Amino acid sequence: MVKFVGDSGDGMQLTGTLFSEVAALAGNDLATFPDFPAEIRAPHNTIAGVSGFQMHMGKRKIYTSGDMCDVLVVMNPASLKSNLKWTKPGATLVIDSSTFDEKTIGKAGYTENPLEDGTLDGYHVIKAPITDLTRQSLEELGVDKRLAERTKNMFVLGLMFYLFERDLEKPLEFIKMKFSEKPKVVQANQTAMKAGYHFAESTEAIKITFRVDPAPMKKGLYRNITGNVATAWGLLAASEQSGRPLFLGSYPITPATEILMELSKHKSLGAKVFQAEDEIAGICSAIGASFGGSMAVTTTSGPGLSLKSEALGLAVITELPLVVVNVQRAGPSTGMPTKSEQSDLMQALFGRNGECPLMVMAASSAANCFYYAYLAAKYAMEHMTPVILLTDGYLGFGSELFRIPDVKDLPSIKPPMADPNDANFKPYRRDEKTLVRKWAVPGVEGLRHRIGGLEKTNIDGNVSTDPLNHQLMVNIREEKIWRISDYLPLLQVQGDPEGDLLVVGWGGTEGALASTVSRLQEEGHKISHAQFNFIKPLPKNTREVLKRFKKIVVCELNAGQFVNYLRMLYPEYTYYQFNKVQGLPFHIQELTETFIKLLED
Amino acid sequence: MIDYNKISKSPVELTKQDFVSDQMVKWCPGCGAHAILAAVGNVFPKIGYRKENFAMVSGIGCSSRFPYYVDTFGFHGIHGRAAAIASGLKIANPGLSVWVATGDGDSMAIGGNHFIHVLRRNIDINILLFNNQIYGLTKGQFSPTTPLGTVTKTSPYGTIEHPFTVSGLVMGAQGTFFARVPDNNIKLMTEVLYEAAKHNGTSVVEILQNCVIYADKVHEEVTTRDMREDRQLFLKHGESMIFGKNRDKGIIMAGNHLKVAEIGQNGINESDILVHDQYNTDPGIHRMLGRMKLPGQPVAMGVIRSAPANTYDDLTEQQIETAKKTSRIQSVNDLLRSGDTWEI
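Chains B and D, in that order, give the protein sequences. In case it helps, my numbering puts the first sequence at residues 1 to 601. In case it helps, my numbering puts the second sequence at residues 1001 to 1344.
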C-alpha cells in the first residue's frame, strides 16, 4: 500500500491518480482512496491542510484501499506527523527534506526535527531535498519559481517509478495530454519527472526496489472508476435500457456532488439535470418528472436525506418510481462531511411519517456502484416504488478497476407502462402477483387521472378516509415491497455454507470483511462471510444462511443499526456485533482480532 | 395566438364539460375558488390543447384541492412544493401545459423558496395564486399577505409582520409575467388566464379571493362591484391607463412616481396619460403599477407584465439537441469505452 501525503495544493491527488493509472496499465489489481480536508485550501503546512491519496495494488485480488502503508511519500512535516501512525514498522518513507525547517516543524506540532531525533528509527528512509532538486533541474528551462515549486510532485513520481520498476513512457505521455495547451508546463513536468527518476537511479539511499507483478484477472476491457462516477453511469445505462429518459433533481452536497456533476456532462445521452434550489426541490422536481414519465433520480448525503423525508412519503403513497442515492457520511447533523460512515440505515428504512415502506439497497464496492445503481432504477420502475440506494463517501471517492460490460448484456428493464385508451385503467389497479400499479404518463390519451399525498381508495384512486381502506392500503404498500424479494438474487456466502462463525456486513464494508475472512479461511478457521446488498426486502434465503452457523457477528460502521434490524426480523438467533464509528473504514487487524476471539471463546 | 408547436392542439373542439371531473366540489359555498374553477373551465377549451396535454399540480391548502375538480392529469403534492413538482414535470415532459393552483401561504411562506426560483428560471408553467390573506384549511391563522395589525387566531393582538405584495415578490424574483384579477370578474379572469397560457415562461396570476369563513370581505373595498370602475384600473396592452365611471381619470408619470390625474383639469389631456406596455422588459413601471393601492390610487387589474425571455425548458431542449448532434458519446457503451481503457 502506497500513500502520497502533502500540503493541499501540492498536487497529491494528481500524483496518486497518475501512479494508479500506471499500476493499472501494468496489470495490477488496485483500489484507491483520496483523503483530503473539508477546507479547500487550509492554512499552509498545518495538519488541517494535509491532503493524501492512498492506493493499494497487488498481484492478487484487491478488496480495499488498504489500512497501513508500505511506502509513504511525505512532502512536509505536517504530513509526516499525521500519517506516520498509519505506516507499517519497517516501511519505506520518501521524504522531501527541503520543507523541514524550524517554522514548518513547529507548525506541524513537533518540538524537534523528526528527521534527526530518532522518530524515524526502524523505517527505511529515503530523504532528499526534493523541492531544491526540482528547482535545480528546471534552471536551464528558465521557468519561474512558482511553476518550479508546483512541479515537485512530478519529481517525486519519477523517483517512485524507479522505486517500483515502472518505465516513464506512459506517464510522460499522460503529462503531454493533460497539459496539452501549455507546452511550457509540459516541458517542466516532464523534465522534473525524468530528474526524479535519474536521481533515484544514482542515489545510494535506495538500496532495493519493488516489483508488483500483474494480477490474474478475468479477460476483458478494463478502466479505473470511482464509486460516484460508476453510480452516475449505472443510472444512464438503466435509462437507456428502459427507454425512459433520465431526470436528476439534485442539490450539491459532499460527498454526493460528483454524481450530479457527472450526469450534467451527459446531455448527449438525453440526461436532464436540474440543480435545484434545495434538497426538497431536488426530490420534488424528481417526483414531478417521475409522474411525467421519466426515470427520476435524486442524489444526496445524510442531511439531505433528512430534508427529503416528507417528499419520500409522497413518492411512497403515489407509488411512483424514484431512485434516491444517499452517499453516506459521518453524522449527526453536518458531522464530518468528508468522512465515511454507515449510519443512515435506520433513516433510510424508517425515517418518515406514517407507515411508509420503500426499497432499501446498498452498493458494496466502487465498481459495483454501477450495477447497484442500475438495479435500483430497474426495481424502482418495475415495482413502482421509491428505492434508496446507500453508498458511502469511501465508495464514492474511492476507485477500483472496473471490467466494462456491454449494455445489451445487462438485465432487461420493463416498466409497467399503461397503454393508451386502456379502458381498464384505474390509478391503483394492481398486478395480482406483484401488487404493482400501472405507470400512466400525462400526454397519453385516455389515461387522465389524479393522484397525490392524500390517502386514496385502492383501484379507483379517489380521496378516502375510510378506515378499512386505509388499513388495506397500508398492508398493500408493505406487502408490495416484500414481494420484490421474488426477483432478487439470493444471498451469497463466501466460504462454506456452515461453520463456527458467520461474518455479516452490508454495503461498503465488503472489501475489508472479505479479505479478513479469506485470510482466516486460509489459516483453517471455519469462518464464512455474507455481505448484504439488499436490505428491504432482504434476500429470500436470509434465514437459511443465518441458521447454519454457531455464531453470527454483524460488523458495521455505525452503532449497530443492521444488527438491530436483523434482531427485529429474525429474533431467534443470537447476534454478536462489531461496531466502529470513527469516520474510518475497518482495518484488517481489528477485524482479525475480533473474529479470532469469537472463534476461540 | 397560442403557439401550437410545443404542445399539440386538440383535433376536435372541446367544451367546458370536457374538463369537469366526477369529484364533488367541496369548497365552502360563496368561496372565491368556485369562480376560479369556472374561469379555468372556460379557458382550457379556448386554449385548444388536447385534453391529455393539460396537467394540474398543487400543494396543500384549500386552493390545492383544485386538481381533483378538473378532468386532466392531476397531482396533489405536499405543502409548498407545487412549484418544484411542476418544474420537474414540465422539464421532463415539455409537451404538457402545466398549471399550478396555490395559495398565499403555500407559495409564499412554506414554499417561498421554490416560488422565487421557478420565477428566476422562467420555467413555462402557469401559477394561479389564490390570495385570500389567510390560512383557510388550518382554520384562520395569518399568512404572509395578511395586512399589518390584523387579528387572527395566531395574532390575537394583531399581526406585527409586514405583508408581502405578490407583485413585488414576483417582480423582485425577476418574474416575466404577472397579472391580477378579482374573484368576482370571471370574464376578466378568463381573458387573463388565456394571456398566461400564451406567455412563454412562468406566469403568475394573483386572484383576489374571498374566504367567506376566516377573512370575509378582505378585498371588498377593491372588488365591490358598484365601485369597481373607480377603484380598479383595467390594463390593456397599447391602451391608455384611463379609469373611473366616467372615464375621466388616468395615470400619469409625475417625477419618479405614478399619479392619478383628472383628465381635462390642470392642463391634463388624454395624450398625457400613460399607455400600457405589458411587453416592456424593464420592470420599472410594472412594479409601480403593481404597488398602486387604495386610497388615492386604483388597484391595477389585468396583465401588468408579460416580458419576453428565454425559458429554462426551451434552453434544456436546445442544449440536449446540440449535444446529441456534436458529442462523440451517442450511447452508454460509447461512454463506458471513453477515456483510458485497456485490455487484460
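Don't read these hints as lab results, they were simulated from the structure. Quick caveat, the model's predicted, so the values are computed rather than measured. Ideal Cβ placement from N, Cα and C applies to all residues, glycine included. Mixed in with the good hints, there may be bad ones.
Residues from chain B shown here face chain D by an in silico Cβ test under 8 Å; the list is partial [to be verified]:
#1 His-266
#2 Leu-269
#3 Ala-289
#4 Val-463
Cross-link-like lysine-lysine pairs, in silico, BS3-like; alpha carbons within 27 Å at most [unchecked claim]:
#5 B:Lys-408 to D:Lys-1006
#6 D:Lys-1006 to D:Lys-1051
#7 D:Lys-1325 to B:Lys-265
Calculated Cβ distances over 10 Å to all of chain D for the following chain B residues [as the list claims (entries may be wrong)]:
#8 Ile-40
#9 Trp-86
#10 Leu-115
#11 Glu-204
#12 Lys-547
Problem set entry | Violations among the numbered hints, reported as their numbers in ascending order | Violated: hint 5 alone.
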